[in-house]
Every structure is written in C-alpha cells, then in structure tokens.
Amino acid sequence: MFAEFASPTFWLALVEIIGINVLLSGDNAVVIALACRSLPDHQRNKAVMGGSAAAVGLRVVFCLIIVWLLSIPYLKLIGGLLLLWIGIKLMLPEGEPDENGVAAKSNLWGAIQTVAIADMVMSLDNVVAIAAAAKGSTTLIVIGLIISVPLIIFGSQLVLRLLERFPILVVAGGGLLGWIAGEIISSDEKVQGWLSMDHHLLEQIAKPALTVFVVAVGMLLARRKSAAASHG
1 MFAEFASPTF WLALVEIIGI NVLLSGDNAV VIALACRSLP DHQRNKAVMG GSAAAVGLRV
61 VFCLIIVWLL SIPYLKLIGG LLLLWIGIKL MLPEGEPDEN GVAAKSNLWG AIQTVAIADM
121 VMSLDNVVAI AAAAKGSTTL IVIGLIISVP LIIFGSQLVL RLLERFPILV VAGGGLLGWI
181 AGEIISSDEK VQGWLSMDHH LLEQIAKPAL TVFVVAVGML LARRKSAAAS HG
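First residue of the sequence shown: 1, per my numbering; consecutive thereafter.
Among the hints, erroneous ones may be present.
Computed Cβ-Cβ distance ranges for the label pairs, DEER-style [as the list claims (entries may be wrong)]:
hint, residue 1, residue 2, range
1, T138, N45, 41 to 51 Å
2, S7, P208, 17 to 27 Å
3, L81, Q204, 40 to 50 Å
4, T9, G193, 21 to 31 Å
Taking lysine to any residue and the SDA-like style, the derived pairs with C-alpha atoms no more than 25 Å apart in a straight line are [what the hints assert, rightly or not]:
hint, residue 1, residue 2
5, K89, W194
6, K89, E203
7, K207, I168
8, K135, K225
9, K89, L108
10, K89, S187
11, K207, L69
12, K135, V212
13, K46, V61
14, K207, L108
15, K89, L162
16, K225, I147
17, K89, I65
18, K46, I65
19, K225, A172
20, K135, K46
21, K207, W194
22, K46, K89
23, K135, G50
24, K135, L221
25, K135, A172
26, K135, Q192
27, K135, A209
28, K46, P8
29, K135, L108
30, K207, V170
Since the hints were derived computationally from the structure, they do not count as laboratory data.
Here the structure is a predicted model, which is why all the values come from computation and not from measurement.
All C-beta atoms in this analysis are idealised placements derived from N, C-alpha and C, irrespective of residue type, glycine included.
With these hints in hand, go ahead and build the complete structure from the sequences.
So, in structure tokens, the structure goes:
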C-alpha cells in the first residue's frame, strides 16, 4: 500500500477521480437540497452529512463490484463505450430540475435515506468512471471518494458557478472521460486480439482519438440541442 503512495501514477489517478466527481456530481447536490428542504435548519447539516456518509459507503461497494466486472473479457470494451456516452452526455445542456421529482422529507432519517438512495441512483456514471480511472486500486477508490464526495456536497454551488463561468471545464471533463475510455478499451485483451496490435501502440492511438471524438460529438450535439431549445 505504501508503495502506491510513492508512485506518481497513483497521484495522477487520484486527481482524475476527484476531477470526475467534481464534473459529474453537480446534479446530486440539487437532489440533496430538495430532499432536505423541509427539515428544520438545525437538522439539515446532519441530514446532508449522514446521507453523504451512506452514499460514500455505497459507492465504494459498487465501485469494487465494477472493478471485478471489468476484469472479465469484453466488459472492458462495454465499460469504455459507456464512458464515451457519459462523456458526451456531460457536455449537453440540461433542463431545469423538476422539484416535484424529489420528495422533501420532514424527518432526519427519512432525509438521510432519500439523500443516499438518490445519490446512488444518479451516480452510475460516476461509479463507472471512477472504477476505470482507479485501474483496480481499492485504495484509490476509497481515498478518491472520501475526498471528493464531501467536496461536492458542501462546495456544490461554487462548483456549479465555476462550470457556468468557465464552460471549457465541462469540455475538458468530457475529454478526460474520452481519454480514460480509450485507456480501458485498449486494455481489453479481446480488442487487442481483433486489431492484432501492440497494447501500448493501441493505447497511444485510442486515448487521443476518443478524446477528440467525445469533445467533437459532444459539442455538436450541445449546439443542436441549444438551437432546438431556442426555436422551441
């Protein structure tokens, strides 16, 4: 474990995991606020902290399951393709959140349960991306989630303002997921067999190619969606 901490690769992957959480978890903060809006002021922080702790634990479990699944042939390819879709989806403009979609809770434990469940339902993209970036390291998964999830919850408004002020951060996030998708797809033994190509060469081609693919497709679809919304 201590050898992991001494590796630059470990710290680079940790930064990737935190960045993924920051970019993909903005909507989760909205759900948390909606679930806790009917609580008295003195209980809101307790509900947020309790729900966050439960969400972190559940994410760790799901990440470990996905890490195991990604060791099965073909599933790395599927996971990488899913990451491409997540990266493109990240770049699309979203509509206004529907407050009626999340029930407000008037008691502390009900709010904690709602926060934890809603966070997990909305976080499939986070979990897949984190598992891919961690490259099988349980230590990275646990540390990355412990650091980033509270950061998202308590700094969500700041994060959302930064993303609105600097749209390039959203584009960079989509590109990051394309890069990770290229890395995970190129590591699938079946893909390597199909293409009869050295793993390192395939990785060097796939990572920048899929980064460009996600950014290009995401920007194109985002423009079309914005144009359709302005005419609608």
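Results for each hint:
Remark: the range hint 41 to 51 Å for T138 to N45 is contradicted by a beta-carbon distance near 30 Å. At roughly 23 Å, the beta carbons of S7 and P208 sit within the given window of 17 to 27 Å. Distance hint for L81 and Q204: a CB-CB separation of about 20 Å, inconsistent with the stated range 40 to 50 Å. Hint check: T9 to G193, Cβ distance near 26 Å, so the stated range 21 to 31 Å holds.
At roughly 28 Å between alpha-carbon atoms, K89 and W194 are farther apart than 25 Å, so this suggested pair is violated. Distance hint between K89 and E203 is fulfilled; the C-alpha atoms sit about 23 Å from each other, no more than 25 Å. Of the supplied pair hints, the one linking K207 and I168 holds, its CA atoms being roughly 19 Å apart against a limit of 25 Å. For the given pair, K135 sits about 34 Å from K225 by alpha-carbon distance, which is inconsistent with the 25 Å threshold.
In summary, the hint linking K89 to L108 is not supported, as the alpha carbons are separated by about 33 Å, beyond the 25 Å threshold. A hinted pair counts as satisfied when its Cα atoms are at most 25 Å apart, and K89 with S187 qualifies at roughly 24 Å. At most 25 Å may separate the alpha-carbon atoms for a hinted pair to count; K207 and L69 meet this at roughly 22 Å. For the suggested pair K135 and V212, the alpha carbons sit about 22 Å apart, so the restraint of at most 25 Å is met.
For the hint linking K46 to V61, the alpha-carbon distance of about 23 Å falls within 25 Å, and the restraint holds. With a C-alpha separation of about 45 Å, the suggested pair K207 and L108 falls outside the 25 Å cut-off, and the hint is violated. For the suggested pair K89 and L162, the alpha carbons sit about 19 Å apart, so the restraint of at most 25 Å is met. Restraint check for K225 and I147: the C-alpha separation of about 34 Å exceeds 25 Å, so the hint is violated.
With a C-alpha separation of about 24 Å, the suggested pairing of K89 with I65 holds against the 25 Å cut-off. Distance restraint check for K46 and I65: the Cα-Cα separation of roughly 29 Å exceeds the 25 Å cut-off, and the hinted pair is therefore not satisfied. As the CA atoms of K225 and A172 are separated by approximately 19 Å, the hinted pair is consistent with the 25 Å bound. Between the alpha carbons of K135 and K46 the distance comes to roughly 34 Å, so the proposed pair goes past 25 Å and is violated.
A hinted pair counts as satisfied when its Cα atoms are at most 25 Å apart, and K207 with W194 qualifies at roughly 18 Å. Straight-line distance between C-alpha atoms of K46 and K89 comes to about 32 Å, which puts the hinted pair past the 25 Å bound. About 29 Å separates the Cα atoms of K135 and G50, which puts this hinted pair outside 25 Å; it is violated. The straight-line distance between the Cα atoms of K135 and L221 is roughly 30 Å, outside the 25 Å bound, and the hint therefore fails.
For the proposed pair K135 and A172, the alpha carbon gap of about 21 Å is at most 25 Å, so the pair holds. Between the alpha carbons of K135 and Q192 the distance comes to roughly 18 Å, so the proposed pair stays at or under 25 Å and holds. Between K135 and A209 the CA atoms are separated by roughly 20 Å; this keeps the pair inside 25 Å, and the hint holds. A distance of roughly 37 Å separates the Cα atoms of K46 and P8; the hinted pair therefore is violated under the 25 Å criterion.
Annotation: proposed proximity of K135 to L108 is violated, straight-line Cα distance about 37 Å (limit 25 Å). Restraint check for K207 and V170: satisfied, since their Cα atoms lie roughly 18 Å apart, inside the 25 Å limit.
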